[in-house]
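Following the hints, position chain R against chain Y.
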Amino acid sequence: MLLTPEEWTAVRLSLEVAFWATLCSLPPAILIGWVLARFEFPGKGIFDGIVHLPLVLPKVVVGYLLLIVLGNRGYLGQYLHEWFGISLIFSTAGATVAAAVVSFPLTVNAIRLAIGGIDKGIETAARTLGATRLDAFFTVTLPLMMPGVLSGCLISLASALGEFGATITFVSNVEGQTRTIPLAIYSATHMPDGDAMALRLTVVSVILALGSLMLAEMADKRIRVALGQI
Amino acid sequence: MIEIDVSLARSTGFHLKADLRAPERGVTALFGRSGCGKTTIIQMVAGSLTPDSGHIRVGDTVFYDRQAGINLPMEQRAVGYVFQDARLFPHMTIENNLRYGERRTRRPRTIQFDAVVEMLGVGHLLKRRPHTLSGGEKQRIAIGRALLSQPRLLLMDEPLASLDEMRKGEILPYLERLRDELNLPILYVSHSIEEVLRLADAVAALSDGKVIACGPLADVLSRPELLPVIGRFDIGTILDCTVTAHDPDLGLSTVSFADGELRVPLVGRPVGAPARARIRSRDVSLSLSRPMDVSVTNRISGTISAITRAEGPFSEVELALSAGRLSSLVTQESVLRLGLEPGMQVWAMIKAVTVDSRPMGFHSPGAEIVSPPASRPARPAANPPQDPPALRLISGGNPPQVQT
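Heads up: the protein sequence lines correspond to chains Y and R, in order.
First residue of the first sequence: 1, per our numbering; consecutive thereafter.
First residue of the second sequence: 231, per our numbering; consecutive thereafter.
These aren't lab readings, by the way, just hints derived from the structure by calculation.
Fair warning: this is a prediction, and the values are worked out from it, not measured in the lab.
Each hint should be verified, as a subset may be incorrect.
Distance condition first, Cα-Cα at most 27 Å in a straight line; then the derived DSSO-like pairs of lysine-lysine [stated by the list, open to error]:
no. : chain 1 : residue 1 : chain 2 : residue 2
1   : Y       : K120      : Y       : K44
2   : R       : K440      : Y       : K59
3   : R       : K247      : Y       : K221
4   : R       : K440      : Y       : K221
5   : R       : K247      : R       : K440
Just chain R, with the same shape it has in the complex:
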């Protein structure tokens, strides 16, 4: 378990009080808007910033404990820190950059140089200098350099934020391999819900210097408390699914989850593979009877568990499905017209979506399917992954609007 319980007051008036637990395996995303304190937390874990009080513990090792007077120096923490801006050593060759941490580690060298070079596909860059590399290549080297220092924990501070969309698509598959092939806990800082959905197992959501939710991804990202982080038009429900069928003729895949099935545009994953669907509340419409003659493909029945009046003309309707839940954003007018009340049986319709395969973060999609952490040993480490980034499904193409 990674335990972080710290507080810090900055002279600028910013006050951070964070208390979070992260599992010692898999990717835990620190998710929130800019200036919410994500990077500050990472810096405190790395030791480049000292909290005012609290403690930081990774497994059995205490990094910091104010009361016990422990503050482990940076170089003894064995954290691999991947910065937003690579921070390669400009006066060294790429090989020497990669080996810098490897030469200094006091831990067993279980992560091999050749394996890392191969996994990141940087063999042809070894003799070059950092200033001759592209942004994406630099970031790959920075990741390799951190890995080779044999860390007990990897810290990644928005490693994709300084890259353009093309480069993001280039790096993401490597991050997925990292996650799937190395048994190394990763704290991943990001403000992008796409990145978090694609990479993380657990999420700590931050807002204004405080942890507002912390836990497994599907659970945390479906919570209404995340409204200030995600925003009214992007908030929704995350469903962990399994790919059950492909229909190439129609260009659709079927994914199943605890409460039924969803038909979605083709997913680039084999049948049986896990997939993660994100259904935004504003893309879910409601019907009192079983909808027959409508274009909407996905229909799921559920019981209204709560109706919350949101700001403006909107209301948030929570549905209890047989196992999970789903939330829908409708107008207050529709609530009145249909006479919606808690306890009522309704049908949720998740709008037909048009296929659009696009690079990461290009456009905010309606529903999307991304590949979550694989629970099995991932693809062989032969050639760098070439599959396109997460399949991007853009709903209708309409601007934010509420369906009733």
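For reference, chain Y alone in the conformation it holds in the complex:
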């Protein structure tokens, strides 16, 4: 094939990390997006700020914070390690956590915007028809925000595929474990004959990006047809 086994590993790893990071961050992102869009409570500003912290902090700082908290001797990481034998550093799981944390605020924002665009009155209508708040959320709000969820997924996927700073700081650059496409390109540029590899991986990146954009476009159209928006 066109790619070397080492490059295939990086591509496969990237997709794996991006997929799991997106999937795992989606439910909490929907929950927090809904809370931020529809509820007022004391301390909302601080809560909002904490959610958005990974977006504004340098990614290396995020990675270092993850190391402090979830590393093998971190505040939480030591218990994970002692009690469950889970070690995130140098592992694919750790890379997934890093990607999820970095992309989380972007996903939340996309979903929050989508909920903000849904007329609150339609939820009121559901409530007066006998639906509890939660029932109204699952039967009315959630279906109507699917376009927002989709764009949230796409942003999350793209951001996870491109994650570099937090990953390399938190889980280092281990081939087959944490060396995703960006890390592999970075490594390649440090090798005397790595230009060809860097170029091939760059092409793969472009293809992945374009592919996911087109996929999202198609899905968006279908969802909107199902929602009666087109």
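Just chain R now, with coordinates in the frame of chain Y:
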């Protein structure tokens, strides 16, 4: 009895203090100009807005009581809320929209799906999506959806306001059927006196966040306190009448009320049917002697009970008839020229009117006859009602002017 006694202060400076009672059957209109707090009251009854204080009670059920700390969640109030803007669920078929409340109700399902579909004439729409429906069809579905949630009370917030005149005419007959065929109290918010006259049994008139009058329609809408709501040129007397004869050759009907008879342009209702006549004060002129050689068709004698100087050149003359009353708006000059005084016997003339049958709210008419709530089981629920909207009678065609 529906009891609403609430107050609410908005940060915008709007202050609502409403205290009203509505019967637990028939249509009670919340009537007033835009921004007077009608919708706010409805929202508080539905529970989407919480008052600062007071209480709301429907029959035995307390919806809200500040002192007792009761605030029933929206979903437990069982009110059918019909919004001005339909608010159908765009991602569901019409059938699923209709069944949304039906599936969730905890009350006995006395209002049947098939009956509602049939009554609203929406059987052919069931498989469609909301965005493919016209405004009038959407509003019918919204009404059906609210009915099928088996409500103990129906709230309608200007259900016709977002529709054009054609659509209004299309929906009104359905609302009349609703009123006549279901034993369900309805709170109906409207700023249109035509809609209120046609649909309501009782009225709570609101102005600036306060209830200024509340009671049976004919009583409330004839009161002078309603001036700020209705306006000088539209205020008048409401008479509950019965259709007694039709004269198709002359194109006139005779309706009788407690104090006599009125000849009006043909009413599209059978003899014996109840009708409601609205006579605007400015269309009533006065004469000291029995008018003989005038074109005016309707002549009723009465005694002046009060003369109130209105703003501008006008005076409001209240007449006591043998049973009811009638008010007339004349110029102050006429009062002086004729030497009108309380206690005097005069003849009221209600101007000849030319027939003009028009869709709802097309033009402000002089005198009008509309069909009030039927006291009998209404027409069979076979095909959707096709009769034209309330017969519209336009007086003379002249702009507002005072007759002396």
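Enumerated hints in conflict with the structure, sorted upward
Result: hints 2, 3 and 4 break, sorted rising.
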